[in-house]
Amino acid sequence: MTAIADSASGEPRARGSFYFRYMVEPYLYLSPAIILIALVMLVPLAIGISYAFQSVNLLRPFQSGWVGLENFQTLWNDRKFWLALTNTFWWTLGSITFQFFLGLGLALLLNTQFYGKRLVQALVFLPWAVPTFLSALTWAWLFNPTIGPLPHWLAALGILSEPFNILGDPNLAMWGPITANVWFGIPFFAITLLAALQSIPGELYEAAEIDGASSWQMFTKITLPFLAPMIAITVMLRTIWIANFADLIFVMTGGGPANSTQILSTYIFTTAFRKLDFGYASAIAVALLGLLLIYAVILLVLRRKLVKI
Amino acid sequence: MARIELHNIAKAYGSVEVMRDINLTIEDGEFIVLVGPSGCGKSTLLRMIAGLEPITDGDFRIDGARMNEIPPRDRDMAMVFQSYALYPHMDVSRNMGFSLEIRKAQKEERGRKVAEAAQTLGLASLTERLPRALSGGQRQRVAMGRAIVRDPSAFLFDEPLSNLDAALRVEMRLEIARLHQRLNATMIYVTHDQVEALTLADRIVVLNAGDIQQVGTPLDLYERPSNKFVAQFIGSPTMNILGVVQSEGGVKLKDGTVLNVGSETGQRQAHELGVRPEHLDVVAEEAAHMRGVAELVEHLGSDTNIHAKIPGVGPVLVRQHGHFPMKTGDAVNIAVDLEKAHLFGPDGVRLAA
Amino acid sequence: MRTLRQSSPVAVTGKYLALGFYVLFALFPLYWLAKIAITPDKLIFTEGTALVPSRFTFENFRTVLLQTDFLAYFRNSLVVSIGTAAITTCIAAAAGYAFSRFDFRGKRLVIAVMLITQMFPLLMIIAPIYKIVAALGLLNSLTSLIIVYTAFNIPFATFLMQSFFDGIPKDLEEAGMIDGCTRFEALRKIILPLTLPGLGATLGFIFTAAWSELLFALMLINSNETMTFPVGLLTFVSKFSVDWGQMMAAGVLALIPSCLFFIFIQRYLVQGLTSGAVKG
Ligand SMILES: Nc1ncnc2c1ncn2[C@@H]1O[C@H](COP(=O)(O)OP(=O)(O)O)[C@@H](O)[C@H]1O
Ligand SMILES: [Mg+2]
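Residue numbers (numbering that gives the first Met the number 0), protein chains in the order written: chain A, 0 to 308; chain B, 0 to 352; chain C, 0 to 279.
Excised from the complex, chain A in its bound form (with noise of 0.2 Å):
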C-alpha cells in the first residue's frame, strides 16, 4: 500500500481515476437501487417503529404524541389481537403445509420424462400469474352457493349437510383463503424444487441404482438430502411470507365472520386503512416482526443442526 501511496504522489488525478474504478464506480451503478429503497422502505420502517410508540391517529389528530409503551399495553390485553394470532399461526400452517406438500409432488412430477411435459408446466404454473385480488375474487366465488359449484359438490359428498358458503361459518371460513392461497402458492415449491431437483447429478441416481436401492431408498437417502437445504431456505422464506399475506383474506373475507379468519396482517391492515389508527396497527406490526425474527432464529439454528450441507 505504502507503495502506491508513494509512487502516486506525484500523479494525483491518476490515484483519483484508480480509486474510482475500484471502489466508488459500483455504487453509481447502485446508487439509485440504495436511494430509493433508504427513502421508501427503510426510513418509512424507522418511522414505523417509532409510531408504535407514540399515538397517532388521524380521526384524532389533536392526541398525538409519545404515549411509551402504551399501544403494547393495550394490545396485551386486546383480545383481537390474541385471536388474530391463534389464527396467523393455523393460516400459516395450513397454507405451509399443503403449499409444501402438494408443490413437491407436483416438483417430483415434472422431475420425470411424460408426454406433453412443456405445455402442463405451462399450465400447472398459471395460478401464479393470477394477480392476486382475482384468486381471492374467484375462490371467494367459487364458494359462493349462488354461482359456484364447490358447496354443492362439497354437500353432495356429504362434507357440508346443505350447500351453504363456508366464508360465512366462522368455523369453517379460514379453509377458504386457506384453499386459494394454496392454489395460488403450489407453483412457487414447484419451480423452486424443480430447480434444485436438476440440480441434482444423475450419476447419484444411476450409482445407487447399481448398487441395488429401491426408488424409496433413492427418493430418502438421494433426493430429500440434496433438497434439503433448499428446501429450510424456501419454508422459512415463505412462511414469513404468508404470515405478512393480508390480501387474499382481506378480499374474500375482510377478517370476518366474527374475527374468526382476522390475522395479524389484515388485523395492522383494518386499523391503518378503516380506522386511521397508526400507532395501534403500528404496535400489532412490530408485535409480528418480533415474532417473525424469533422464528427465523430458530429454524436458522435447527438448519444448522440438522442439514449437514
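Fair warning: there could be bad hints in the mix.
[Said to hold, decoys possible] Straight-line C-alpha distance at most 20 Å; calculated DMTMM-like pairs for lysine to aspartate or glutamate:
{"id": "1", "chain 1": "B", "residue 1": "308", "chain 2": "B", "residue 2": "338"}
{"id": "2", "chain 1": "B", "residue 1": "308", "chain 2": "B", "residue 2": "297"}
{"id": "3", "chain 1": "B", "residue 1": "326", "chain 2": "B", "residue 2": "336"}
{"id": "4", "chain 1": "C", "residue 1": "169", "chain 2": "A", "residue 2": "24"}
{"id": "5", "chain 1": "B", "residue 1": "308", "chain 2": "B", "residue 2": "280"}
{"id": "6", "chain 1": "C", "residue 1": "169", "chain 2": "C", "residue 2": "102"}
{"id": "7", "chain 1": "C", "residue 1": "188", "chain 2": "B", "residue 2": "73"}
{"id": "8", "chain 1": "B", "residue 1": "339", "chain 2": "B", "residue 2": "219"}
{"id": "9", "chain 1": "B", "residue 1": "326", "chain 2": "B", "residue 2": "271"}
{"id": "10", "chain 1": "C", "residue 1": "188", "chain 2": "B", "residue 2": "127"}
{"id": "11", "chain 1": "B", "residue 1": "106", "chain 2": "B", "residue 2": "150"}
{"id": "12", "chain 1": "C", "residue 1": "106", "chain 2": "C", "residue 2": "165"}
{"id": "13", "chain 1": "B", "residue 1": "339", "chain 2": "B", "residue 2": "280"}
{"id": "14", "chain 1": "B", "residue 1": "106", "chain 2": "B", "residue 2": "127"}
{"id": "15", "chain 1": "B", "residue 1": "103", "chain 2": "C", "residue 2": "184"}
{"id": "16", "chain 1": "C", "residue 1": "169", "chain 2": "B", "residue 2": "158"}
{"id": "17", "chain 1": "B", "residue 1": "253", "chain 2": "B", "residue 2": "271"}
{"id": "18", "chain 1": "C", "residue 1": "238", "chain 2": "C", "residue 2": "224"}
{"id": "19", "chain 1": "A", "residue 1": "220", "chain 2": "A", "residue 2": "210"}
{"id": "20", "chain 1": "C", "residue 1": "188", "chain 2": "B", "residue 2": "100"}
{"id": "21", "chain 1": "B", "residue 1": "339", "chain 2": "B", "residue 2": "329"}
{"id": "22", "chain 1": "B", "residue 1": "103", "chain 2": "B", "residue 2": "150"}
{"id": "23", "chain 1": "A", "residue 1": "274", "chain 2": "A", "residue 2": "69"}
{"id": "24", "chain 1": "C", "residue 1": "188", "chain 2": "A", "residue 2": "24"}
{"id": "25", "chain 1": "A", "residue 1": "274", "chain 2": "A", "residue 2": "77"}
{"id": "26", "chain 1": "C", "residue 1": "188", "chain 2": "B", "residue 2": "285"}
{"id": "27", "chain 1": "B", "residue 1": "112", "chain 2": "B", "residue 2": "90"}
{"id": "28", "chain 1": "C", "residue 1": "169", "chain 2": "B", "residue 2": "52"}
{"id": "29", "chain 1": "C", "residue 1": "106", "chain 2": "A", "residue 2": "24"}
{"id": "30", "chain 1": "B", "residue 1": "308", "chain 2": "B", "residue 2": "329"}
{"id": "31", "chain 1": "B", "residue 1": "112", "chain 2": "B", "residue 2": "150"}
{"id": "32", "chain 1": "C", "residue 1": "41", "chain 2": "C", "residue 2": "68"}
{"id": "33", "chain 1": "C", "residue 1": "106", "chain 2": "B", "residue 2": "52"}
If you're looking for bench data, these hints aren't it; they were derived computationally from the structure.
Chains B and C with the ligands: place on chain A using the hints.
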C-alpha cells in the same frame, strides 16, 4: 512497440496475497512466455499488465511511463482470451473490426484492415458468420484477427491454444510464431504447456505460487535451471531426481555409488542429483553407474523410454534415441552423463557445477 | 435415469392421474370465471352448477367495457405497471450488474439490507408511507404508486438481473474494454444486447407484480379517476354485488395482461431462478 517494466509488483485479493515482488523487464519486440503450473498466477499477472486487474503494489511502466492506473483501453494492448471471448451477437467481421469501430476509424479503413486480417488468417469466406456457427479453430483465428486488426503495441495471449485439439494446436503455434516474425511486436504469452513455451519464446518466465523462479532463454532454462522446480518443469519427460550425499570425490548415491560430479560446489552440501532421461545411457555392465531392471519399456518409434528400477536408488527413467531393443524385465545398466548432471541443495537451489 | 427402471402400469396410471389432478386444480377456477362471464344473465342461476352453459354471450364484456369505469381502471393500471416495470428494470439492471461484476467494500452489507427488505412485513410501513405521501400532497396520484412499487420490487429484480448477468462471461466485457470501450460502453454495446431475455423476464415479472398489488393502492388511492384495476374491481364488486356475469367478465379482462406476460416470460423466469438456485 513497447518496452514493459514491472517493478516490485504485488497482488492481493482482499487479505490473500497471491503474488509478490515481481520484477521483470520486457524489451520492445520481445516474445515473452509466462509458464507455470495451474493457479500459479500467470493469468493474474497478464491481467494486471492488461489493466483488467488492479495492481495492489509496485510500479508498472510502459516505455518509461507509469501506467498502474491507466484503464485497459488506453494501454494500446490487444489480448487473446483462453475462451476467445468473441461477441456472440456480432458477425466475424464486426468482431474483428469492433476496436476500430469504438475508436471511430473510417469505414473504408476498417473494412480494409478487417479484410486484410481475414485474408491472412484464412477467414475470408466466413466474415458474415456469427461466432456460434464457427468451429473451435475458426473461433481461435477470429480472436487472433481481432488482435491483429488493431496493430497494437503489445499482444497478450492467455493460454490461447488450450481449447484446441493437438493437431490444431501445433498449426496455430506456427501461425503465432509467424505473426511475431512479421509484426515484430512485443508479445506476452501465458501457457502451462512447456512445449509451447520452449518453441515460441525469446525468453521464458517460470512462475510458481506467485513467485518468479527463473527468467531466461529456452536453452538457458534447459541447461541451467536455477532450481529443482524449473529443472523438473522444463523438459519432457521430467528430469530424474535422486537423493545423494556429499562425499569424497563427488556425491554418493543411496546405494553407495560415488559419482564424480560437483567437485567445486563450494561450501554448499549437495542434497539431490538431477539428470535428464536423455542424459542417461544404457551401457555395458562394467561401464555402468547403476544397475537394475526395466520395469516398463515404451517404444515410441523416435525414442525408447525405459522405466528402470535401481535397487537402493529408486525408479529412474532413461531415454534412448530411436528404437532400442529391450523389453520389460530385462536387466539394464545405466551410465550418467556427468557433464550434464545437476546438483541441488537442500533448499532446491541448483549448485553451480 | 429413473425412466430405465420402468415401473408397473399401476404406477404409470397413478402418475398420469396425479398430473391430471394438478392440471384440473390449476385450471378449474379460471375456467369457472370464464364460464360465468359468457353465460347469459338469465341462465346464471338456473344453470348455476352446470359445467357447460347451454348458450353463451359476450354481452357482459360489452357492458363492462362500455358502461363502467373499467377502461379508466385498465388505463391507470397499465400506466402504473408499465411505469413501474420500466423504471424498476433499469435500476435493477444497474444494481444487478454491480453485484455481478464488482467486488467492493460494503457489498455484503448492501445485499443483506436488500434481503432484509424482503423479509419484514410490508404492511409495517403502510402507515408511514401514507403520512409521507399525504404530506407531499401525492395522494391519489399514480406517480406515488409507481415510486412505491418500484422500491418494493427493486431487491428481487436486482437478484434476478444479477443471476442473468452472472450467466454472461466476464471475458466479454473485458475483451470490449481491451478493444477500447469504457466499462459503460462495454455494458451498453456488448452486455445489454446479450441480456435482453433477462431484461424481458424482469420486466414481465415486475409488470405482473405491480398489476396485482392491492393494499397500498387501496390506501393511497381513493378517487375514481386514479383507481388501479384491483381497487376498481373491488369497489366494483361491492357496488354491483349481484351482477355476477359482469364481475366475472371484468375478472377475465384483468387476467389477460398478466397471463400474456407470464406466457412470454415463464421460460426465462424459470431459467433465471434455476441458475440462481443451482449456485445459491
Ligand atoms: N478473484 C479472485 N479472488 C481470489 N483469488 C483469486 C481470484 N482470481 C484468482 N485468484 C487466485 O490467484 C491465484 C492465481 O490465479 P491465476 O492467475 O488465475 O492462475 P493461473 O492463470 O496461473 O492458473 C490462484 O491461486 C487463484 O486461486
Ligand atoms: Mg489462467
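Hint check results:
1. A C-alpha spacing of about 23 Å is found between residue 308 of chain B and residue 338 of chain B, which places the hinted pair above 20 Å, so the restraint is violated.
2. Distance hint between residue 308 of chain B and residue 297 of chain B is fulfilled; the C-alpha atoms sit about 15 Å from each other, no more than 20 Å.
3. Distance check on the hinted pair: residue 326 of chain B and residue 336 of chain B sit about 23 Å apart at the alpha-carbon level, beyond 20 Å; violated.
4. With a C-alpha separation of about 17 Å, the suggested pairing of residue 169 of chain C with residue 24 of chain A holds against the 20 Å cut-off.
5. At most 20 Å may separate the alpha-carbon atoms for a hinted pair to count; residue 308 of chain B and residue 280 of chain B meet this at roughly 15 Å.
6. For the given pair, residue 169 of chain C sits about 13 Å from residue 102 of chain C by alpha-carbon distance, which is consistent with the 20 Å threshold.
7. A C-alpha spacing of about 18 Å is found between residue 188 of chain C and residue 73 of chain B, which places the hinted pair at or below 20 Å, so the restraint holds.
8. In summary, the hint linking residue 339 of chain B to residue 219 of chain B is supported, as the alpha carbons are separated by about 13 Å, within the 20 Å threshold.
9. A distance of roughly 29 Å separates the Cα atoms of residue 326 of chain B and residue 271 of chain B; the hinted pair therefore is violated under the 20 Å criterion.
10. Between residue 188 of chain C and residue 127 of chain B the CA atoms are separated by roughly 19 Å; this keeps the pair inside 20 Å, and the hint holds.
11. Of the supplied pair hints, the one linking residue 106 of chain B and residue 150 of chain B holds, its CA atoms being roughly 17 Å apart against a limit of 20 Å.
12. A threshold of 20 Å between alpha carbons decides the hint, and for residue 106 of chain C with residue 165 of chain C the separation of about 16 Å falls inside it, so the pair holds.
13. Distance check on the hinted pair: residue 339 of chain B and residue 280 of chain B sit about 12 Å apart at the alpha-carbon level, within 20 Å; holds.
14. Between the alpha carbons of residue 106 of chain B and residue 127 of chain B the distance comes to roughly 17 Å, so the proposed pair stays at or under 20 Å and holds.
15. For the proposed pair residue 103 of chain B and residue 184 of chain C, the alpha carbon gap of about 13 Å is at most 20 Å, so the pair holds.
16. With a C-alpha separation of about 17 Å, the suggested pairing of residue 169 of chain C with residue 158 of chain B holds against the 20 Å cut-off.
17. Among the hinted pairs, residue 253 of chain B with residue 271 of chain B is consistent with the structure: their alpha-carbon atoms are about 10 Å apart, no more than 20 Å.
18. Of the supplied pair hints, the one linking residue 238 of chain C and residue 224 of chain C holds, its CA atoms being roughly 16 Å apart against a limit of 20 Å.
19. Of the supplied pair hints, the one linking residue 220 of chain A and residue 210 of chain A holds, its CA atoms being roughly 12 Å apart against a limit of 20 Å.
20. As the CA atoms of residue 188 of chain C and residue 100 of chain B are separated by approximately 11 Å, the hinted pair is consistent with the 20 Å bound.
21. Using a Cα cut-off of 20 Å, the hinted pair residue 339 of chain B and residue 329 of chain B is violated, with the two alpha carbons roughly 26 Å apart.
22. Restraint check for residue 103 of chain B and residue 150 of chain B: the C-alpha separation of about 15 Å stays at or below 20 Å, so the hint holds.
23. Distance hint between residue 274 of chain A and residue 69 of chain A is fulfilled; the C-alpha atoms sit about 18 Å from each other, no more than 20 Å.
24. Only pairs whose Cα atoms come within 20 Å are accepted, and residue 188 of chain C paired with residue 24 of chain A is accepted, the gap being roughly 18 Å.
25. With a CA separation close to 16 Å, the supplied pair residue 274 of chain A and residue 77 of chain A stays within the 20 Å bound.
26. Distance check on the hinted pair: residue 188 of chain C and residue 285 of chain B sit about 74 Å apart at the alpha-carbon level, beyond 20 Å; violated.
27. Using a Cα cut-off of 20 Å, the hinted pair residue 112 of chain B and residue 90 of chain B holds, with the two alpha carbons roughly 16 Å apart.
28. Restraint check for residue 169 of chain C and residue 52 of chain B: the C-alpha separation of about 12 Å stays at or below 20 Å, so the hint holds.
29. The suggested pairing of residue 106 of chain C with residue 24 of chain A holds, with an alpha-carbon distance near 12 Å, which does not exceed 20 Å.
30. In summary, the hint linking residue 308 of chain B to residue 329 of chain B is supported, as the alpha carbons are separated by about 11 Å, within the 20 Å threshold.
31. With a CA separation close to 10 Å, the supplied pair residue 112 of chain B and residue 150 of chain B stays within the 20 Å bound.
32. Proximity of residue 41 of chain C to residue 68 of chain C is assessed by CA-CA distance (about 24 Å); at most 20 Å being required, the pair is judged violated.
33. For the suggested pair residue 106 of chain C and residue 52 of chain B, the alpha carbons sit about 18 Å apart, so the restraint of at most 20 Å is met.
Hint compliance for this structure: hints 1, 3, 9, 21, 26 and 32 are broken, all remaining hints hold.
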